[in-house]
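> Construct the entire structure; sequences and hints are all you get.
Oh and the sequence shown: position 203 is 203 in this note's numbering, straight run, nothing missing.
Read the hints as simulated data drawn from the structure, not as lab findings. Do not rely on the hints blindly, as some may be mistaken.
Said to hold, decoys possible - Pair ranges (Cβ atoms, derived):
id : residue 1 : residue 2 : range
1  : 117       : 198       : 40 to 46 angstroms
2  : 138       : 80        : 43 to 49 angstroms
3  : 101       : 186       : 41 to 47 angstroms
4  : 2         : 46        : 25 to 31 angstroms
5  : 126       : 48        : 33 to 39 angstroms
6  : 86        : 6         : 22 to 28 angstroms
7  : 106       : 17        : 14 to 20 angstroms
Every value quoted in this text rests on a predicted model; they were computed, and no experiment measured them. Backbone N, C-alpha and C define an ideal beta-carbon position, used for all residues, glycine too.
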Amino acid sequence: RLVENKELLSLILWGPPGVGKTTLAFIVAQAMDAHFVSFSAVLSGVKDIRVVIEEAKEQLKFSGKKTILFVDEIHRFNKAQQDAFLHHVEDGTITLIGATTENPSFEVNAPLLSRCKVLVLEQLTENHIKVIMTHALRDKERGLGNLNVAIGDDAFDFIAQLAQGDARVALNSLEAAVMLAKPDQEGNRNVTIATAQEAMQRKALLYDKGGVYK
Numbered sequence: 001r002l003v004e005n006k007e008l009l010s011l012i013l014w015g016p017p018g019v020g021k022t023t024l025a026f027i028v029a030q031a032m033d034a035h036f037v038s039f040s041a042v043l044s045g046v047k048d049i050r051v052v053i054e055e056a057k058e059q060l061k062f063s064g065k066k067t068i069l070f071v072d073e074i075h076r077f078n079k080a081q082q083d084a085f086l087h088h089v090e091d092g093t094i095t096l097i098g099a100t101t102e103n104p105s106f107e108v109n110a111p112l113l114s115r116c117k118v119l120v121l122e123q124l125t126e127n128h129i130k131v132i133m134t135h136a137l138r139d140k141e142r143g144l145g146n147l148n149v150a151i152g153d154d155a156f157d158f159i160a161q162l163a164q165g166d167a168r169v170a171l172n173s174l175e176a177a178v179m180l181a182k183p184d185q186e187g188n189r190n191v192t193i194a195t196a197q198e199a200m201q202r203k204a205l206l207y208d209k210g211g212v213y214k
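Pasting the structure below:
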């Protein structure tokens, strides 16, 4: 509803790895027609923040576009780094979207947290993962749709289960399995359970749903 109403708020996205925090931030930026800047708290410091702030001022001055600054793993910023955002979030120079796997109440400074809306993202279910994998297999522009992939149900389910709600793990494992499957004479790639196990470096447990070893 925030996106539909074009309400540009600073956000903290709190959720487990691979749930889509970065993707969601990019979707918000596109929907708002905003300038999008992304960097990681692990690799960036106060100097990088200042550069982004100056760039945001230029964007607003010359193109009228607001800047969404996405900070991955914002909990890794220290107090001084977080304080560097505060004034610029307050005056509207930037809209901050921070992503964290840690409870922001403990990891984000209270003054900055009070100026952000915290959205809690729940872990993806196995069915969610399967939908994402299906899209990846069909997508010819950004996915694997041009590779003529045939994947067995057991291999597909195996990857979805072992991803444990992490879409990044699922997509990386799916891509690895497809790359490991050698094309046949017609160029088709057949991903078997053995290929999926090799891609994920894990063996399928030989138990049925009742827990009985086969």
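> For each hint, tell me whether it holds in the structure or not.
Checked hints:
1. 117 with 198: 40 to 46 angstroms: About 43 angstroms separates the Cβ atoms of residue 117 and residue 198, which means 40 to 46 angstroms holds.
2. 138 with 80: 43 to 49 angstroms: 46 angstroms, holds
3. 101 with 186: 41 to 47 angstroms: 44 angstroms, holds
4. 2 with 46: 25 to 31 angstroms: Holds: the Cβ-Cβ distance is about 29 angstroms, inside 25 to 31 angstroms.
5. 126 with 48: 33 to 39 angstroms: At roughly 38 angstroms between Cβ atoms, residue 48 and residue 126 fall inside 33 to 39 angstroms, so the hint holds.
6. 86 with 6: 22 to 28 angstroms: 24 angstroms, holds
7. 106 with 17: 14 to 20 angstroms: 18 angstroms, holds
In this structure, none of the earlier numbered hints is contradicted; all agree with it.
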